[in-house]
Amino acid sequence: MIKTKINNVDVETPEGTSILWAARKAGFNIPTLCQHPDLVPGGQCGICVVEIEGVPGLKRSCMTPVGEGFTVRTHTQRVMTVRKQLVELILSNHDTDCLTCIKNNSCELQKLAATLGVDTLEYPKFEEKLPIDKTSVSIVRDPNKCILCGRCTQVCSDIQTVNALAINNRGCDTVITTAFDAGLGNSVCINCGQCVVHCPVGALYENSQIEQVWEALHDPDKFVVVQEAPAVRVMLGEEFGMPPGSLVSGKMHAALRRLNFDAVLDTNFAADLTIMEEGTELLSRLTSGKNLPLITSCSPGWIKFMETFYHDMIPHMSTAKSPQQMFGTLSKTYYAQQKGIPPEKIVSVSIMPCTAKKFECQRPEMNISGYQDVDYVLTTREIGRMMREAGIDLKEMPDEPADDIMGDYTGAGTIFGATGGVMEAAIRSAYFLVTGRELENLDVIPVRGLKGIKEAEIDIDGTKVKVAVAHSCGKARELMDKVAAQLEKDGKCEYQFIEVMACPGGCVGGGGQSWGSNMAKRARRGESLYEEDKLMPHRRSHENPSVQAVYEKFLGKPNSEKSHKLLHTHYYKRSTVDGKVLPENKISE
Amino acid sequence: MAAENQCNCVQTQEEDLYPRLNEIIGEHKGKPEDLIMVLHKAQNLFGYLPKKVQEMVAEGLNMSINEVYGVITFYNFFSTVPQGKHSVKVCLGTACYVRGSQKVLEKTEKALGIKVGGTTDDRRYSLGVVRCIGACGLAPAMLVDEDVYGRVKTTNAMEIIEKYE
Numbered sequence: 001m002i003k004t005k006i007n008n009v010d011v012e013t014p015e016g017t018s019i020l021w022a023a024r025k026a027g028f029n030i031p032t033l034c035q036h037p038d039l040v041p042g043g044q045c046g047i048c049v050v051e052i053e054g055v056p057g058l059k060r061s062c063m064t065p066v067g068e069g070f071t072v073r074t075h076t077q078r079v080m081t082v083r084k085q086l087v088e089l090i091l092s093n094h095d096t097d098c099l100t101c102i103k104n105n106s107c108e109l110q111k112l113a114a115t116l117g118v119d120t121l122e123y124p125k126f127e128e129k130l131p132i133d134k135t136s137v138s139i140v141r142d143p144n145k146c147i148l149c150g151r152c153t154q155v156c157s158d159i160q161t162v163n164a165l166a167i168n169n170r171g172c173d174t175v176i177t178t179a180f181d182a183g184l185g186n187s188v189c190i191n192c193g194q195c196v197v198h199c200p201v202g203a204l205y206e207n208s209q210i211e212q213v214w215e216a217l218h219d220p221d222k223f224v225v226v227q228e229a230p231a232v233r234v235m236l237g238e239e240f241g242m243p244p245g246s247l248v249s250g251k252m253h254a255a256l257r258r259l260n261f262d263a264v265l266d267t268n269f270a271a272d273l274t275i276m277e278e279g280t281e282l283l284s285r286l287t288s289g290k291n292l293p294l295i296t297s298c299s300p301g302w303i304k305f306m307e308t309f310y311h312d313m314i315p316h317m318s319t320a321k322s323p324q325q326m327f328g329t330l331s332k333t334y335y336a337q338q339k340g341i342p343p344e345k346i347v348s349v350s351i352m353p354c355t356a357k358k359f360e361c362q363r364p365e366m367n368i369s370g371y372q373d374v375d376y377v378l379t380t381r382e383i384g385r386m387m388r389e390a391g392i393d394l395k396e397m398p399d400e401p402a403d404d405i406m407g408d409y410t411g412a413g414t415i416f417g418a419t420g421g422v423m424e425a426a427i428r429s430a431y432f433l434v435t436g437r438e439l440e441n442l443d444v445i446p447v448r449g450l451k452g453i454k455e456a457e458i459d460i461d462g463t464k465v466k467v468a469v470a471h472s473c474g475k476a477r478e479l480m481d482k483v484a485a486q487l488e489k490d491g492k493c494e495y496q497f498i499e500v501m502a503c504p505g506g507c508v509g510g511g512g513q514s515w516g517s518n519m520a521k522r523a524r525r526g527e528s529l530y531e532e533d534k535l536m537p538h539r540r541s542h543e544n545p546s547v548q549a550v551y552e553k554f555l556g557k558p559n560s561e562k563s564h565k566l567l568h569t570h571y572y573k574r575s576t577v578d579g580k581v582l583p584e585n586k587i588s589e
Numbered sequence: 590m591a592a593e594n595q596c597n598c599v600q601t602q603e604e605d606l607y608p609r610l611n612e613i614i615g616e617h618k619g620k621p622e623d624l625i626m627v628l629h630k631a632q633n634l635f636g637y638l639p640k641k642v643q644e645m646v647a648e649g650l651n652m653s654i655n656e657v658y659g660v661i662t663f664y665n666f667f668s669t670v671p672q673g674k675h676s677v678k679v680c681l682g683t684a685c686y687v688r689g690s691q692k693v694l695e696k697t698e699k700a701l702g703i704k705v706g707g708t709t710d711d712r713r714y715s716l717g718v719v720r721c722i723g724a725c726g727l728a729p730a731m732l733v734d735e736d737v738y739g740r741v742k743t744t745n746a747m748e749i750i751e752k753y754e
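Just so you know, the protein sequences line up as chains A and B, in that order.
When the letters of the first sequence are read in order and numbered with the working numbering, they come out as residues 1 to 589.
When the letters of the second sequence are read in order and numbered with the working numbering, they come out as residues 590 to 754.
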């Protein structure tokens, strides 16, 4: 332990602790800007400077470890003047139209300027405006708001290993862009949106479709159906000031109904359906021994990552569509037929914790219903905004169920939102599909939690199935390199089934979550999903009565010809330069 | 894009250089730490770093394209536009600047129809700036290829440049 004196308060911290954290322990919140609890401090902004007695110059407290006998002063006149000057310099080169900024009231720079009492702008404004990058269907980048803190590039390169965004040029021309400044839509960007949720200001945000959804809701000729992803029910509360991880399934359904959606259904229903399709696919691959391991395909960020960097894995991918897309297809086929609504009148909206889903729904192959299967994707933040616009306070809502025939769900469907959830749900049903008996202990603990790569071995009537779960693309890359090496060696891999989610923590950590999120909040949301799972009357996908009905009335059985046509898809090889589909594409089997 | 009356020999030559580039990349295969060396050699070969070269280097050294692009845009030495036959550099060091080299530069930009860092369409000239070449006594100074010109005026800068065909 190291003893340090911070503004006359003695504090003891382990060796290597930064002065910033030691000061927090002593009760002093040193202001920061570029610092983020989930990232490695880079010292870009310099706001957290402090004075250390006997050490010349000011030191950045986020990167300076405590030293024995240090006397640190966190708010001397010199320190406070420098901090204010730094903020003023940033503001001189920042588009300060705060009232019309997407981050108004949730901007870290705005808060900092207020905290430090910046009341004048001493430096002349830098007037040159750079073009806003709107090339991506998922993410918009406004370089005029960017403060070059480097959080987005750190998460993009170090955590996701995508390297779509990087710091280019130098000096006052420095700008964060894609290669050749081609725009996110013409880059290897996988649309995961981790840059968006780590950005402290309004430089990165989702490509919003709120306007189109309002238009559909106001159109009396349209029948607007809405689905909500598993993770949204443990995130949406935060948009209304509820504690992280608050479970609001019932309130969410009620609020959506009050927004005038014609049918409030649930993605969790389609998650259960995904398990039926993917679980059956797993069984047939285990039987044939071909294309093992089977790899999950629910995460559209992961899909584009795989198509770009690991397209040799295409034969291993599950061909099952993601729950969002299964739902979209069924909303314009099965639902339309059962309810007697012409499919051209149906507008299919989804609420997702995700920015990549916006890309997924616009993939050209996602139109098997004869229409674009999912019309509009809104992030959790966007639906929060719509509810506030309409004067709906989620906290005050009663608990209401979803509407019928695509609204029932089981505990297995709900845990899709957390890393390891798809795996656990699949195990629960695969056991039944193989043995005809129910798995007694439904909790598959080894695949839960936030460890980067998790492994488990499941005994299904004497057959050992080894599974692995990875979340974040960096961890997925690690796992895929291992799998590829094993397959290259002798054509065999130690795993039979692999779940990958593009975002750290799974969907509860997606690019569509509330501003100001961190790993601790993601963990809390995941736990809430497992709590909902425990409360559900059914906890296995194959027990979902609505899923049983859709097979009985419409699809036949899992992996039937009709299921294949409607609920399965194929993948493309993509370029590592611009992320576009390569000309020599082969369709996966 | 090339106008009909323009020769395309430059492009043809560029195609011929790729096998040599492949050899260079081959010597550094899978070694991201050699990036600057490889880019240096590639620029010597092509005169600049076209997009395709950047892509090949990224793939060969097992790096992302944006890392390669970031390094190229960071260093002034690297150019992503073809270089002209002659390089024109106006000195913007302190002495030259106070004696009006900025005006010389602006005039030259206008006359050549390009900005700093650019190359004329006929690939005759590339325009750049330098920060002091040690000829402060001759300020404002200008470099054309290896030749130094002193006391350059807005009125005679183009006269000097046009001597280089």
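Calculated directly from the structure, the hints in this document are not laboratory data.
Do not rely on the hints blindly, as some may be mistaken.
[Said to hold, decoys possible] Below, in silico cross-link-like pairs of lysine-lysine (DSSO-like), each with a Cα-Cα straight-line distance of 27 Å or less:
{"hint": "1", "chain 1": "A", "residue 1": "Lys129", "chain 2": "B", "residue 2": "Lys699"}
{"hint": "2", "chain 1": "A", "residue 1": "Lys129", "chain 2": "B", "residue 2": "Lys618"}
{"hint": "3", "chain 1": "A", "residue 1": "Lys573", "chain 2": "B", "residue 2": "Lys618"}
Agreement of lysine 573(A) and lysine 618(B) with the hint, judged by alpha carbon distance not exceeding 27 Å: Holds, because 23 Å separates the two Cα atoms, which is no more than 27 Å.
Can the restraint linking lysine 129(A) and lysine 699(B) be considered satisfied, given a maximum Cα separation of 27 Å? 23 Å, holds
Hey, lysine 129(A) versus lysine 618(B), does the alpha-carbon distance stay inside 27 Å? Given that 27 Å is the threshold and the Cα spacing comes to 41 Å, the pair is violated.
Of the numbered hints listed earlier, the single one contradicted by the structure is hint 2.
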